[in-house]
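As they're listed, the protein sequences go chains U and H.
Per my numbering, the first sequence starts with residue 1, numbered consecutively.
Per my numbering, the second sequence starts with residue 1, numbered consecutively.
Since the hints were made in silico from the structure, they are not lab data.
In this text the structure is predicted, and so the values were computed from the model without any measurement.
Misleading hints may appear alongside valid ones.
As the list claims (entries may be wrong) - Straight-line Cα separation of at most 30 Å, DSS-like style, residue types lysine-lysine; simulated pairs: (1) U:Lys95 with H:Lys75; (2) H:Lys65 with H:Lys75; (3) U:Lys176 with H:Lys74; (4) U:Lys176 with H:Lys112; (5) H:Lys253 with U:Lys95; (6) H:Lys97 with H:Lys129; (7) U:Lys136 with U:Lys154; (8) H:Lys112 with H:Lys97; (9) H:Lys235 with H:Lys75; (10) H:Lys137 with H:Lys112; (11) H:Lys65 with H:Lys112; (12) H:Lys129 with H:Lys152; (13) H:Lys193 with H:Lys97; (14) H:Lys235 with H:Lys253; (15) H:Lys152 with U:Lys95; (16) H:Lys235 with H:Lys65; (17) H:Lys193 with H:Lys235; (18) H:Lys23 with H:Lys75; (19) U:Lys176 with H:Lys253; (20) H:Lys129 with H:Lys75; (21) U:Lys95 with H:Lys65; (22) H:Lys193 with H:Lys253; (23) H:Lys129 with H:Lys112; (24) H:Lys74 with H:Lys235; (25) U:Lys176 with H:Lys137; (26) U:Lys95 with H:Lys74; (27) U:Lys95 with H:Lys97; (28) H:Lys65 with H:Lys97; (29) U:Lys176 with H:Lys129; (30) H:Lys129 with H:Lys74; (31) H:Lys74 with H:Lys23; (32) H:Lys152 with H:Lys193; (33) H:Lys152 with H:Lys112.
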Amino acid sequence: MGFFIETLIGGLMAGMLYSLVALGFVLIFKSSGVFNFAQGAMVLFAALAMARFSEWANRALGGDSLLLANIIAFFGAGLAMLVVAWAVERFVLRKLVNQEGATLLMVTLGITYVLEGIGQTVFGSEIYNIDVGMPKDPVIMFESIFEGGILINKEDFIAALIAALLVGLLTLFFQKTPVGRALRAVADDHQAAQSIGIPLNRIWVIVWLVAGIVALVAGIIWGSKLGVQFSLATVALRALPVVILGGLTSVPGAIVGGLIIGVGEKLSEVYIGPMVGGGIEIWFAYMLALVFLLFRPQGLFGEKIINRV
Amino acid sequence: MSRQIGDVILDLQSISLRFGGVKALTDISFDIREHEVRAIIGPNGAGKSSMLNVINGVYHPQDGKILYRGVERKKMEPHMAASTGIARTFQNIALFKGMSVLDNIMTGRTLKMKSNLLLQALWFGPAQKEELEHRRKVEEIIDFLEIQHIRKTPVGRLPYGLQKRVDLGRALAMEPQILLLDEPMAGMNVEEKQDMCRFILDVNDQFGTTIVLIEHDMGVVMDISDRVVVLDYGKKIGDGLPDEVRANPEVIKAYLGAGH
């Protein structure tokens with residue numbers, strides 16, 4: 001029983017990290033109808049910026065205060081994401097108002113390559129690490145209830161907490177503030193939004209900036225776990241099944257989807273894996289997404305597509 | 001009536017609009033006076049919606065100029081037109097379907113929000129106080145349109161007639177100088193049409209809003225408009241008081257077809 005719960009918690013925490021990346025997809029899709037394939041590249045770009053800024057700031061400060069260097073780096077990387085958001089709006093989206101979804105999807109593929117290229121040109125292409133002082137040692141809890149206790153990875157635990165906090169803030173932002181309302185309005189109908197005086201251009205910069213900040217947080221967490229390297233861009237692919245499962249238009253969907261995938265991966269690996277020779281973790285999420293597509297193409301919480309005839 | 005029809009507020013001079021080889025509008029001139037109800041009528045495909053889209057800044061005419069309060073208007077986007085006080089409704093209702101009636105009408109206040117975007121995003125201090133004031137204004141509009149009972153309902157679930165009313169409410173929330181209504185009564189039953197007519201006249205009367213409306217139901221238009229422009233195949237074929245227009249042989253021909 002202790003082992004089952006341990007696996008479950010491990011899965012939940014891993015799932016929270018998938019949610020964080022999935023959230024980037026959902027934010028942009030919700031407010032501009034663009035499926036942003038470049039989300040993974042944004043994570044890589046943000047993590048690279050964070051790692052290098054932190055390194056440079058640390059050197060400039062003489063290595064006294066890693067915390068201060070990290071704070072400077074965080075704002076620096078945030079600024080870099082603002083530049084990305086502005087550039088994407090100015091040079092790409094502005095030219096493509098009212099275009100088909102497929103066109104916009106292809107464009108984000110292009111943005112992916114540009115971001116990956118620029119990121120590695122400016123910040124370098126080696127493996128860097130981000131040290132934000134995350135505790136690495138695991139703790140053992142509930143020893144009195146279960147034999148041997150439950151092993152919890154502190155780093156994963158803190159990461160999951162941060163992710164949950166961010167999700168809560170974003171939900172409030174979307175539901176309660178005037179800007180959030182304007183974002184939802186733009187998502188629903190470009191033309192109507194413009195006619196009541198919502199400036200599309202500025203709204204898009206805000207959305208991409210928010211998605212950029214989410215990518216930055218995801219990049220910091222993943223980067224401090226795995227190191228900042230090119231393969232970070234592929235975490236986006238791990239988040240694809242999450243958005244399919246949760247629904248592309250739902251913030252809570254991204255969370256629940258992430259948790260289901262995280263838990264499913266870990267449990268299936270442990271309990272079904274041995275029967276089929278292991279390696280389930282790698283394809284389990286995609287399999288689950290496929291099954292979902294068959295029965296509920298809009299995802300768990302997505303808006304059902306109804307066409308009036 | 002208490003309202004006084006004022007000076008020309010919008011003057012359209014020789015407007016021509018083409019889409020590739022298709023001439024949507026050819027050399028159309030007419031003016032709109034402050035506080036009046038001005039109708040644009042014509043059979044299907046006459047260019048009525050194109051005309052509205054020109055005024056609204058969606059389309060940019062190749063020729064002609066538009067004078068707004070005597071000043072020539074530069075090429076503009078819809079959100080800029082909105083900020084100069086031009087609001088509109090849509091023929092195929094373009095509400096934000098996932099949002100409640102209240103939220104939909106609140107979006108109409110976007111331009112009236114003074115505090116900066118960052119404060120709004122953080123939902124902080126002055127921004128919060130301001131939101132409450134806008135909320136009061138929106139509640140007045142909701143009362144005015146008699147839709148209190150559906151304030152919290154997502155608009156996607158409402159029947160067509162009520163959606164049209166919410167669309168009007170969102171435009172009214174902008175406190176516009178000029179209100180453009182694109183077929184406000186299309187697809188409505190008689191009772192809904194009567195309600196809509198009453199709201200349009202009340203808006204015009206109580207707020208003094210200038211109203212430009214497109215309609216192809218002649219009967220309704222003749223009853224509520226001060227002056228009527230008639231378009232056919234992108235050309236102006238009549239302009240004047242409802243009775244004059246009704247008696248115009250070209251208009252009769254356009255509506256009933258040649259030979260009658």
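Taking the hints in turn, this is what the structure says about them:
1. U:Lys95 with H:Lys75: Holds. Lys95 (chain U) to Lys75 (chain H) sits at ~17 Å (cutoff 30 Å).
2. H:Lys65 with H:Lys75: Distance ~10 Å between Lys65 (chain H) and Lys75 (chain H) Cα, so the pair holds.
3. U:Lys176 with H:Lys74: violated, 36 Å
4. U:Lys176 with H:Lys112: Holds. Lys176 (chain U) to Lys112 (chain H) sits at ~18 Å (cutoff 30 Å).
5. H:Lys253 with U:Lys95: violated, 44 Å
6. H:Lys97 with H:Lys129: holds, 27 Å
7. U:Lys136 with U:Lys154: holds, 6 Å
8. H:Lys112 with H:Lys97: This hinted pair holds, its Cα atoms lying about 23 Å apart.
9. H:Lys235 with H:Lys75: Holds, at about 22 Å.
10. H:Lys137 with H:Lys112: holds, 11 Å
11. H:Lys65 with H:Lys112: holds, 28 Å
12. H:Lys129 with H:Lys152: holds, 21 Å
13. H:Lys193 with H:Lys97: Measuring from Cα to Cα gives roughly 23 Å; hence the hint holds.
14. H:Lys235 with H:Lys253: holds, 14 Å
15. H:Lys152 with U:Lys95: violated, 36 Å
16. H:Lys235 with H:Lys65: At roughly 16 Å apart (the allowed maximum being 30 Å), Lys65 (chain H) and Lys235 (chain H) satisfy the hint.
17. H:Lys193 with H:Lys235: holds, 28 Å
18. H:Lys23 with H:Lys75: holds, 20 Å
19. U:Lys176 with H:Lys253: violated, 55 Å
20. H:Lys129 with H:Lys75: Violated, because 36 Å separates the two Cα atoms, which is more than 30 Å.
21. U:Lys95 with H:Lys65: The hint holds at about 26 Å.
22. H:Lys193 with H:Lys253: holds, 26 Å
23. H:Lys129 with H:Lys112: Status holds; Cα separation ~13 Å.
24. H:Lys74 with H:Lys235: holds, 24 Å
25. U:Lys176 with H:Lys137: Given that 30 Å is the threshold and the Cα spacing comes to 18 Å, the pair holds.
26. U:Lys95 with H:Lys74: holds, 20 Å
27. U:Lys95 with H:Lys97: Satisfied, since the Cα-Cα distance of roughly 26 Å is no more than 30 Å.
28. H:Lys65 with H:Lys97: violated, 36 Å
29. U:Lys176 with H:Lys129: holds, 14 Å
30. H:Lys129 with H:Lys74: violated, 36 Å
31. H:Lys74 with H:Lys23: Distance of about 22 Å is within 30 Å: holds.
32. H:Lys152 with H:Lys193: holds, 24 Å
33. H:Lys152 with H:Lys112: Holds: Lys152 (chain H) and Lys112 (chain H) sit about 22 Å apart, inside 30 Å.
Checked against the numbered hints given earlier, the structure breaks hints 3, 5, 15, 19, 20, 28 and 30 and satisfies all the rest.
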